[in-house]
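**Q** Single-letter residue listing:
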Amino acid sequence: MTVIAVISPKGGVGKTTVAVNLACALAENGRVVRLVDMDPQNALRLHLGADPGDANGLVHQTLQQSSWYYTEYDSAYGVSFIPYGKVSEVERITFEAYLAQTPNWLRDNIAELDHDPAGLTIIDTPPGPSVYVQQVLSIANLVLVVMIPDAGSYATLPAIEGLLDYYCGHRSDFYGSYYVLNQFDAEHPLNRDIKNVMQNTLGERLAPHSIHRDESLSEALAFQQPARDYAPHSQSVEDLAQLAVWLENKVTRVVR
Amino acid sequence: MSSALPDNNPVKPAEKQREDRRSRSREQSRYKFGKLNEYTTAMIEWYGWEHRYWRIAIMLVVLVLFVFSMSVPMSLAFQSVYAATLLGITLFLRSYTGTLFTLVMVVFSVNQSSRYLYWRMTETLVLDNWVDGTFGVILLLAEIYAWMVLLLGYAQTIWPLKRKPEPMPEDAARWPTVDLYITTYDEPLRVVRPTVLAALAIDWPRDKLNVYLLDDGRREEFREFAESVGITHLTRDNNFHAKAGNINAALAKTNGEFVAIFDCDHIPARSFLQMTMGWFLRDPKLGMIQTPHHFLSPDPFERNLGTFRRVPNEGELFYGLIQDGNDLWNATFFCGSCAVTRRSILLEIGGVAVETVTEDAHTALKMHRMGYTTAYISIPQAAGLATESLSAHVGQRIRWARGMAQIFRVDNPLFGKGLSLMQRLCYSNAMLHFFYGLPRVIFLTAPLSYLFFQAHIINAEALIIAAYAIPHLAHANLTNSRMQGAHRHSFWAELYESTLAWYILRPTLVALIDPKFGKFNVTAKGGLVEKEFLDWQIGAPYLIMLALNLAGLLIGFVRLFWWNSFEAQTVILNLIWTVYNLVLLGATMAVATEAKQVRANHRVNCNQKAMLKLNGGSRVVCRASDYSEGGLGLIMPDAGMAPLHSEVRVSLFMGVREFVFPARVVFARDTVVGVEFEGLSLQQQMDLVQCTLARADAWLDWTDNRVVDRPMKGLQEILFHSMKGFGHLWHYLLKRVNSTPHQGDEDKKPEKDVFYQTLSKKMTGKGQQETVMHRLSGFVQMGRTVLQKSGDSVRARLAKGRI
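Chains A and B, in that order, are what the protein sequence lines are.
This note's numbering puts the first residue of the first sequence at 1, with every later residue one more than the last.
This note's numbering puts the first residue of the second sequence at 1001, with every later residue one more than the last.
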């Protein structure tokens, strides 16, 4: 089993969208994929057609000292997911305090689940540093950093690198971290420039395929579907499919 | 018992069987005959070849054997058996690949053709009466010419060098400086612009590539354009010596180590210099390197016959095979464009030659005389427009023919210093080739001398003629099909030459007599043909020949049955020849019928990844299916995605780089979408040329869909076009007689609509068939109209003709 963390330095970069659609593309290629939502926004499940009224999630299970087993859902799109859960402010504060005291919480809970040996667990996180990101980065085998091609994102690069180095750099089961550009539009010179600069700085660590800015992705969420099912011919779906193949290669190579 | 047998062993379709045989042949050549190939190699590498006396001794032995095998007298039976044996071996060998087998076939072909000619000279000439003698000698001379060209052709192309590009040094600091000349005289800026933009995009250190626009028209518009893209606009105050003078004047003003020369409509690929320059660094004596002239639009033959990209065009034999063959003998010709020259050597021979109208070939000849080398790389690294109309095409060929005849007179490659024997032969063949006008006209009319005047031009029994002539023709065709098949289909040379023969006959003869007579004409490009028409002016001489041959046919039949019918065999032989000539002349008529050409910008087929950003902001993956200067044809994954007239953004890709162009949808039907670019900036225009016409791989798959040549197939094709030609002729003759212009419904449709109809047909798999069916039905329809129009009399005449 390989754990892939999806993080981003800033909000609104489409991290959850990328995580879900990438997971669907990987599942289509035959991988067993489980998505875990560690973001208090609890939005991941909406991409996969979950019932909006259902409050169940990993927070409740944790506070009730129960297993994640009871909060794992199967979606119609080939991936299973564990939602964060709809929680009150008090519950969230209690939960986060608990996490701060229990650094192995995520590791233990994941280990308890049934696992396909070649399966992937993709964990979505809230933007920026947080207790969630700490725990996720501590166990991730591979990290995907989602960025958008603007100056603000680029400026956070050193901070992200520091974070990665602190939590992952020393671990022998850490395969590497990669950057993915989302909402790319070649028409804007700034987009192209930032892509070039990032290519120069990161080299191989910048994914070769950027995801184009594409209304189909936002529309897909409105219809509670992965983009692949909503707009199969859109460029972003094509980008994500290529990204999935690329990621697949990365995972296969390091696991071997 | 049931008649239905289990289908265990289904009969393979003929095409599949042929394919199997072909692949088997490849395998066997490689494995089974590997030893043979080794022996050949050992033979080639024998040390004796390096010693003058060994070489001369062997040559003498070969010469004696050659003369013996050519002249040994044989009875009819013996000759038949001998010829049949050789033909049998050839037929067996031709299914195997490899140069060794080609060499064997060439030897057989040379032997059979020489035997034929020797027999013709010694036994079939009657000089005791005036009529037989004159016609006989004329035909024999034409045959001697054909034999010489056949042999020289074999020598020239026996072993194409197929030179690979030489890699450039890693360190770009060692790369030399290059001046790139784009020569123009009166072509519109629209034609020149993409060439300049592509030249600017060539992959070469920016400070080492200078682009110059050599404008002999001295136009203000061009100066402004040159300034806007940052290149130098060069003019001179006279137009002496046309293009050659233009280049020479520029040589004095620039100073790059190398000079790349482009016609203003040849768009270079970005890899052009990296593909060619390596050899200059490796060979310091290399004066010029040439790449093929590739044409992205159909020439008149291809357009009027509808064979674009399916049958190799007229120029392809030269660029696909002859130049590669020349390269082996260090005799590559300079072709005036798509080439790089070394300035020091070019200056040493006095710049581009100005003595003749084919300055390019003469320039290379001068380099060779000084002991320098030239090279050829057979990878299309530029593409241009072909001549638009048959008359323009004829004009261009006239110039080439004149120029070659001029060189033959003023600087004959057979004499003078500095050339090797093979260089002399290669140049001679190139020049001799252009004298085909007279012999071809002789062949087209030769049987008439018998049918009209009863001249015995070949004084022998028909059976003996067959025993000598059939092996001669069969070997020549089989061997040429093997050597040239990929670049010229069998029997197509006959068509190309027949069409041009009359027109290059005069200029070549005039230039032979007085090389200075006549003036330079520029080939016009970029015109339109609004409606199909038969070019009577160009067709006139062929119409006369056609009428003569038809008359001959009639007389032949009369002579066969009723009058003077004592020489039936000879009459039949001449009738067969006449029918063959009629087939060629009919095909000529098909070429002379100018097909409609309504677009100023040519569409070039392609198949590359693209992306469309729709008005709503979503982006769709699609494929580009064709491009032109003004727009792009796209295949969408689904119908109705891009509404007509909507504004879109088209992305094209070069590797991982993406380029976005604003455009508007001008056509949408099913999944086919046509867009027109709008308001492209200069940078975007450059990017567009780079993503499309200037791609390094733009022309590499050009011949992928081509059928393999087979001699009988070639004959069939010519026959088909000939029938079409007669159809056209009939149609336009009647039209002329009736003088009420008959206009098909198709002509009235708006141009874009017609274009996209055919386009959308092309996209739907069976499109090809549909267009052909469409054409055929049109043909039948036309026939019907003709019949109705001309009424009963025609029907009656037709019926009579059948009886």
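In case anyone wonders, no lab produced these hints; they're calculated from the structure.
Just so it is clear, the structure is predicted and the values come from calculations on it, not from any experiment.
Do not take every clue at face value.
[Stated by the list, open to error] Calculated pairs, SDA-like style, for lysine to any residue (alpha carbon to alpha carbon, straight line, at most 20 Å):
| no. | chain 1 | residue 1 | chain 2 | residue 2 |
| --- | --- | --- | --- | --- |
| 1 | B | Lys-1609 | A | Pro-208 |
| 2 | B | Lys-1285 | B | Ala-1226 |
| 3 | A | Lys-10 | A | Phe-174 |
| 4 | A | Lys-195 | B | Arg-1657 |
| 5 | A | Lys-195 | B | Lys-1713 |
| 6 | B | Lys-1713 | B | Phe-1308 |
| 7 | A | Lys-195 | B | Lys-1285 |
**Q** It remains to establish, for every hint, whether it holds in the given structure.
**A** Evaluated hints:
With a C-alpha separation of about 16 Å, the suggested pairing of B/Lys-1609 with A/Pro-208 holds against the 20 Å cut-off. Only pairs whose Cα atoms come within 20 Å are accepted, and B/Lys-1285 paired with B/Ala-1226 is rejected, the gap being roughly 34 Å. Only pairs whose Cα atoms come within 20 Å are accepted, and A/Lys-10 paired with A/Phe-174 is rejected, the gap being roughly 23 Å. This hinted pair checks out: A/Lys-195 and B/Arg-1657 have alpha carbons roughly 10 Å apart, not beyond 20 Å.
As the CA atoms of A/Lys-195 and B/Lys-1713 are separated by approximately 55 Å, the hinted pair breaks the 20 Å bound. With a C-alpha separation of about 17 Å, the suggested pairing of B/Lys-1713 with B/Phe-1308 holds against the 20 Å cut-off. Between A/Lys-195 and B/Lys-1285 the alpha-carbon distance is near 46 Å, which puts this suggested pair outside the 20 Å criterion.
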